[in-house]
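Undergrad: Sequence:
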Amino acid sequence: MSESKPPITHQPSPITDNWYASWFDTPYYHILYKDRDYEEAQVFMDNLTEYLNLPEEANILDLACGKGRHSIYLNQLGYEVTGADLSENSINEASKSANDKLHFEVHDMRISFEEKFDAIFNLFTSFGYFEDDADNLTTLKAIRDSLTEYGFAVIDFMNVDHVIENLIPEETKTVDGIDFHIKRYEKDNHIYKEISFSDKGKEFHFTEKVQALRLADFEKMMEEAGIYLLDVFGDYKLRKFYKAQSERLIMIFK
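Per full-length UniProt numbering, the very first residue in the sequence shown carries number 1; after that it's consecutive.
Please note: incorrect hints may appear among the correct ones.
As the list claims (entries may be wrong) - Each pair of labels, with its calculated beta carbon distance range:
hint : residue 1 : residue 2 : range
1    : 194       : 35        : 18 to 24 angstroms
2    : 229       : 77        : 21 to 27 angstroms
3    : 198       : 231       : 41 to 47 angstroms
4    : 40        : 185       : 25 to 31 angstroms
5    : 97        : 31        : 42 to 48 angstroms
6    : 239       : 214       : 17 to 23 angstroms
7    : 239       : 131       : 32 to 38 angstroms
8    : 137       : 176       : 35 to 41 angstroms
9    : 34        : 183       : 19 to 25 angstroms
10   : 50        : 175       : 31 to 37 angstroms
11   : 97        : 200       : 37 to 43 angstroms
12   : 55        : 226       : 21 to 27 angstroms
13   : 240       : 88        : 37 to 43 angstroms
14   : 166       : 111       : 24 to 30 angstroms
To be verified - Simulated pairs of lysine to any residue, SDA-like, Cα-Cα distance not exceeding 25 angstroms:
hint : residue 1 : residue 2
15   : 34        : 172
16   : 101       : 124
17   : 209       : 230
Bear in mind the hints are in silico, worked out from the structure with no lab data behind them.
For each residue, glycine too, the CB sits at the ideal point set by N, CA and C.
Let the hints inform the model, and build the full structure from the sequences given.
TA: Here you go:
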């Protein structure tokens with residue numbers, strides 16, 4: 001796979017009208033989330049690659065990679081890494097770090113890759129965005145079909161019960177002089193985040209919307225997709241998952 005591979009543009013259904021297609025591609029998304037914890041992400045990658053006992057020459061896909069913070073660190077650990085994301089802006093930014101063993105491309109996660117990977121990571125709640133529930137199953141099947149025979153996949157999702165219990169209904173975050181007014185709530189089995197702000201005399205409003213998927217939901221979909229769930233963890237130190245207390249729902253499957 002070469003760095004210059006053209007973006008994949010064929011998709012199962014139109015995506016341009018969906019919230020993630022517009023919000024993730026704005027500079028404001030990256031401004032709001034610029035202070036994400038890189039150290040925590042690196043600890044997670046260290047723990048994960050050690051747990052999976054990946055060979056030194058393993059080929060890893062970082063699916064929904066954003067600007068590539070996990071991809072870049074995995075590459076620094078010595079792995080060959082492909083970062084894939086729907087956002088062209090994110091991929092353009094990530095590609096500044098590309099090298100012979102680190103590639104980035106625009107890609108719809110519902111489509112499998114021709115190349116097979118030893119590990120596929122879908123991190124930081126980058127799942128459950130689609131309007132059609134069937135697209136979740138399609139994504140799982142695409143992950144399955146993109147793995148080598150002995151490959152592992154990881155989905156790092158929020159622990160819905162913990163999130164709902166600790167939801168902050170309203171807050172204002174000021175980043176780079178912009179006041180982001182944030183509202184959070186649960187509705188119709190989705191968790192919403194409404195983001196309003198003004199910049200350069202213009203008013204902006206975006207909505208993040210993620211399905212409130214629990215472990216039982218994933219288990220059902222995985223069974224239907226012919227996927228074998230091997231282990232479940234509750235945080236980035238890979239400690240046991242507890243439905244009420246754990247911050248994350250981290251699933252290892254093949």
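Undergrad: Hints first: check each against the structure and report whether it holds.
TA: Evaluated hints:
no. : hint                          : verdict
1   : 194 - 35: 18 to 24 angstroms  : 20 angstroms, holds
2   : 229 - 77: 21 to 27 angstroms  : 25 angstroms, holds
3   : 198 - 231: 41 to 47 angstroms : 46 angstroms, holds
4   : 40 - 185: 25 to 31 angstroms  : 26 angstroms, holds
5   : 97 - 31: 42 to 48 angstroms   : 19 angstroms, violated
6   : 239 - 214: 17 to 23 angstroms : 19 angstroms, holds
7   : 239 - 131: 32 to 38 angstroms : 34 angstroms, holds
8   : 137 - 176: 35 to 41 angstroms : 39 angstroms, holds
9   : 34 - 183: 19 to 25 angstroms  : 21 angstroms, holds
10  : 50 - 175: 31 to 37 angstroms  : 34 angstroms, holds
11  : 97 - 200: 37 to 43 angstroms  : 29 angstroms, violated
12  : 55 - 226: 21 to 27 angstroms  : 25 angstroms, holds
13  : 240 - 88: 37 to 43 angstroms  : 39 angstroms, holds
14  : 166 - 111: 24 to 30 angstroms : 35 angstroms, violated
15  : 34 - 172                      : 15 angstroms, holds
16  : 101 - 124                     : 23 angstroms, holds
17  : 209 - 230                     : 28 angstroms, violated
In summary, the structure is inconsistent with hints 5, 11, 14, 17 from the numbered list given earlier, while agreeing with the others.
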